[in-house]
Amino acid sequence: MGNTLIKAENISKYYRLGVLGSGTLKEDVKNWWYGKSPETISTTPQSKDHIWALKNIHFEISQGEVVGFIGKNGAGKSTLLKIISRITLPTTGRILGKGRIASLLEVGTGFHIELTGRENIYLNGHIMGMKKKEIDRKFDEIVDFSGVERFLDTPVKRYSSGMYVRLAFAVAAHLDPEILIIDEVLAVGDSEFQKKCLGKMKSVSGEEGKTILFVSHNMQALRNLCDRALILERGEIIASGAPESVIAQYLKSGKEQFLGNDYSSQGSLPGNEFIRVQKVALLPEFLDQHQFIDIRTPLKIRFEFWYDVAEPGDLIAGIHLFSYAGDFIFDLPSKRYTLEKGLVRGECLIPGNFLNDGSYYISIVFVRNTIIRLFYLESCLSFDVEDYRENGSWFGKWAGVVRPDFPVVLTPQHNK
Amino acid sequence: MNKNAGWQWEITANPGWFRVNLKELIHYKDLLLRFVRRDIIASYQQTILGPVWVFLQPLFTTFVYFIIFSRVAKIPTDNIPPVLFYLPGTIIWTYYSDCLTATMYTFVQNAYIFNKVYFPRLIVPLSYILFHSFRISIQLILFIAVYLFFAMGGKNIHPNAAMLLIPVFIFITAAFALGCGLIISAYTAKYRDLENILQFLLRLFMFAVPVVYPASLIPQKYKLLFWLNPLTPLIESFRSAFFSHRPLPFFYLGISIVSSFLILMLGIVLFNRKEIQIMDVI
Numbered sequence: 001m002g003n004t005l006i007k008a009e010n011i012s013k014y015y016r017l018g019v020l021g022s023g024t025l026k027e028d029v030k031n032w033w034y035g036k037s038p039e040t041i042s043t044t045p046q047s048k049d050h051i052w053a054l055k056n057i058h059f060e061i062s063q064g065e066v067v068g069f070i071g072k073n074g075a076g077k078s079t080l081l082k083i084i085s086r087i088t089l090p091t092t093g094r095i096l097g098k099g100r101i102a103s104l105l106e107v108g109t110g111f112h113i114e115l116t117g118r119e120n121i122y123l124n125g126h127i128m129g130m131k132k133k134e135i136d137r138k139f140d141e142i143v144d145f146s147g148v149e150r151f152l153d154t155p156v157k158r159y160s161s162g163m164y165v166r167l168a169f170a171v172a173a174h175l176d177p178e179i180l181i182i183d184e185v186l187a188v189g190d191s192e193f194q195k196k197c198l199g200k201m202k203s204v205s206g207e208e209g210k211t212i213l214f215v216s217h218n219m220q221a222l223r224n225l226c227d228r229a230l231i232l233e234r235g236e237i238i239a240s241g242a243p244e245s246v247i248a249q250y251l252k253s254g255k256e257q258f259l260g261n262d263y264s265s266q267g268s269l270p271g272n273e274f275i276r277v278q279k280v281a282l283l284p285e286f287l288d289q290h291q292f293i294d295i296r297t298p299l300k301i302r303f304e305f306w307y308d309v310a311e312p313g314d315l316i317a318g319i320h321l322f323s324y325a326g327d328f329i330f331d332l333p334s335k336r337y338t339l340e341k342g343l344v345r346g347e348c349l350i351p352g353n354f355l356n357d358g359s360y361y362i363s364i365v366f367v368r369n370t371i372i373r374l375f376y377l378e379s380c381l382s383f384d385v386e387d388y389r390e391n392g393s394w395f396g397k398w399a400g401v402v403r404p405d406f407p408v409v410l411t412p413q414h415n416k
Numbered sequence: 001m002n003k004n005a006g007w008q009w010e011i012t013a014n015p016g017w018f019r020v021n022l023k024e025l026i027h028y029k030d031l032l033l034r035f036v037r038r039d040i041i042a043s044y045q046q047t048i049l050g051p052v053w054v055f056l057q058p059l060f061t062t063f064v065y066f067i068i069f070s071r072v073a074k075i076p077t078d079n080i081p082p083v084l085f086y087l088p089g090t091i092i093w094t095y096y097s098d099c100l101t102a103t104m105y106t107f108v109q110n111a112y113i114f115n116k117v118y119f120p121r122l123i124v125p126l127s128y129i130l131f132h133s134f135r136i137s138i139q140l141i142l143f144i145a146v147y148l149f150f151a152m153g154g155k156n157i158h159p160n161a162a163m164l165l166i167p168v169f170i171f172i173t174a175a176f177a178l179g180c181g182l183i184i185s186a187y188t189a190k191y192r193d194l195e196n197i198l199q200f201l202l203r204l205f206m207f208a209v210p211v212v213y214p215a216s217l218i219p220q221k222y223k224l225l226f227w228l229n230p231l232t233p234l235i236e237s238f239r240s241a242f243f244s245h246r247p248l249p250f251f252y253l254g255i256s257i258v259s260s261f262l263i264l265m266l267g268i269v270l271f272n273r274k275e276i277q278i279m280d281v282i
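First to last, the sequence lines map onto chains A and B.
Position 96 of the first sequence, counting from 1, maps to 96 under the numbering used here, and the rest follow consecutively.
Position 83 of the second sequence, counting from 1, maps to 83 under the numbering used here, and the rest follow consecutively.
If you're looking for bench data, these hints aren't it; they were derived computationally from the structure.
By construction, the Cβ of each residue, glycine as well, lies at the ideal position given by its N, Cα and C atoms.
Careful, some of the hints might be misleading.
[As the list claims (entries may be wrong)] Below, in silico cross-link-like pairs of lysine to any residue (SDA-like), each with a Cα-Cα straight-line distance of 20 Å or less:
hint	chain 1	residue 1	chain 2	residue 2
1	A	Lys-131	B	His-27
2	A	Lys-7	B	Asn-14
3	B	Lys-116	A	Glu-106
4	B	Lys-29	A	Lys-7
5	A	Lys-7	B	Lys-274
6	B	Lys-274	A	Arg-86
[What the hints assert, rightly or not] With the C-beta cut set under 10 Å, the calculated list includes, among others, these residues of chain B facing chain A:
hint	residue
7	Thr-12
8	Pro-15
9	Arg-37
10	Ala-42
11	Asp-78
12	Asn-79
13	Ile-80
14	Asp-98
15	Leu-198
16	Gln-199
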């Protein structure tokens, strides 16, 4: 460490919003007439027709470092990578650097669908800055990595999208720059291929000591590959440091979770003449100091309601869990209770190591005599479950709705 | 303080006016050739006649000119057989017009690549010029074949040593077209209205060039203005080289060379200045 490869000083980027085109000539002439230049506009505050995509960004990146950029869409991550890649200019500031940069803001940039796979390997390689000799030397390796040998002389328009992406990534994986910039390209291809790509990235950073800057929404990949993570929010770096704690901070702040509601403070309680719900809450039992829900976290659901039915009969409260995609994951009813009028508290514990990572919401149903629906409190809680894996080289999405931790036991059977 | 000495590149808000990096262009020469190859392969993919179109286009055009301007309008052709008169004019004009049209859309056509990866943008217009140079080379072979056919047919035509200058004429045409294209490209990307105007102007411009009529037809009072157009001495010199009907217009040829290169220089400087700023407005 210590040898700084990239140094960004006071980088800002200003974008003019609105319709570009017919209006601009008139406006440009007007600005020119009144002697305005973009520099004078830059002192005005954020307004409707322009936006600061980046504001006073400073950072240094050392040789061999793998740095991950995290942030919501529109936080400025891609703009920053584009500035470092020399695709767009900063409005203020400067970046100093050493060494050759290769940017993978997309795989397969410049692929021409009428050309064969072979031609496209060269075309794409050259666009990425490789020379002919370099590609000649690595050609077999690239083809091997892509796994499309048989279709090498077929125009790529006849390729399946998977083959196309694999060929494109294969070229990218064989670039040989000192600095590699990657924007969310991990999200491509089938799982087998993703594994290959991440493995390649790991070897590039680890064994070859390359410096990598990348943007990803895949927290598992960030956690495993990065030496350092940075959070961008509305164009500013708000956190920087060890990936584990930065990721935790991001997950805690960024998600729109709805972990509870005390309706009594709001004046009116949802419900009807039989049921009035006073409070719902999701109480995660956190395992460590990072305080966000991951697949190991047991979740306690607690709700309080006023029960106001005079006639004899029983009540069932049921918890409905849905994924954000709308899949009905479970319908968990309570036993049949015969209750007096008054305040009732319900509780239920979803154990850890049960739900897979993803986003969920909960509704609560109140049923009388097993068939009469008294009240349905729709989507009263919502939460995200983050992935957690001890280690392993596979960072893709874990398949399945649930993710139980039952043992799978293998016992060798000896023939006696 | 010494630490800064090791920086190899710098990105700033305001790159200077003169940053044509020849070393970088040379580094990307393989890309240049690959683009040319791509365009050659792609333009004849799934066409039945394939590269034959390169021949057919000037032949058809010449045939139409022959009917309209020679047979119907009876415009003289300096005593040169009409087909041989129109063919070089058409070929050089088409070359100029194709090069210009291709380069002026550099940003619009390649925004999807320019948005994703850096390489010296000048590579793209250069590749268009080379692609059309490849086409004009084939067309010149066609011209020579037709020329020989007429010569053997007993027509009274005499070539001279100026024929050796043909590559120079082509080169100047390319420089002029590239220069104009680069200047225009910096503005069409931002102001799309220009495209329509320019297409129209380009069509009109053809009639300011001796493609379908000889320069000798121009009245004395417009002569200077007419010959100051860099394309006029180029096309006329080409004809002089093959038909010896007139001496080479050395004076205007000189002006054409100087003005073409000035325009090319201006184009390169403007293009380099604008290439990265344009990405925010495209």
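For each hint, the structure was consulted:
| no. | hint | verdict |
| --- | --- | --- |
| 1 | A:Lys-131 with B:His-27 | holds (8 Å) |
| 2 | A:Lys-7 with B:Asn-14 | holds (17 Å) |
| 3 | B:Lys-116 with A:Glu-106 | holds (6 Å) |
| 4 | B:Lys-29 with A:Lys-7 | violated (30 Å) |
| 5 | A:Lys-7 with B:Lys-274 | violated (25 Å) |
| 6 | B:Lys-274 with A:Arg-86 | holds (13 Å) |
| 7 | Thr-12 | holds (4 Å) |
| 8 | Pro-15 | holds (7 Å) |
| 9 | Arg-37 | holds (8 Å) |
| 10 | Ala-42 | holds (5 Å) |
| 11 | Asp-78 | violated (44 Å) |
| 12 | Asn-79 | violated (46 Å) |
| 13 | Ile-80 | violated (41 Å) |
| 14 | Asp-98 | violated (20 Å) |
| 15 | Leu-198 | violated (14 Å) |
| 16 | Gln-199 | violated (18 Å) |
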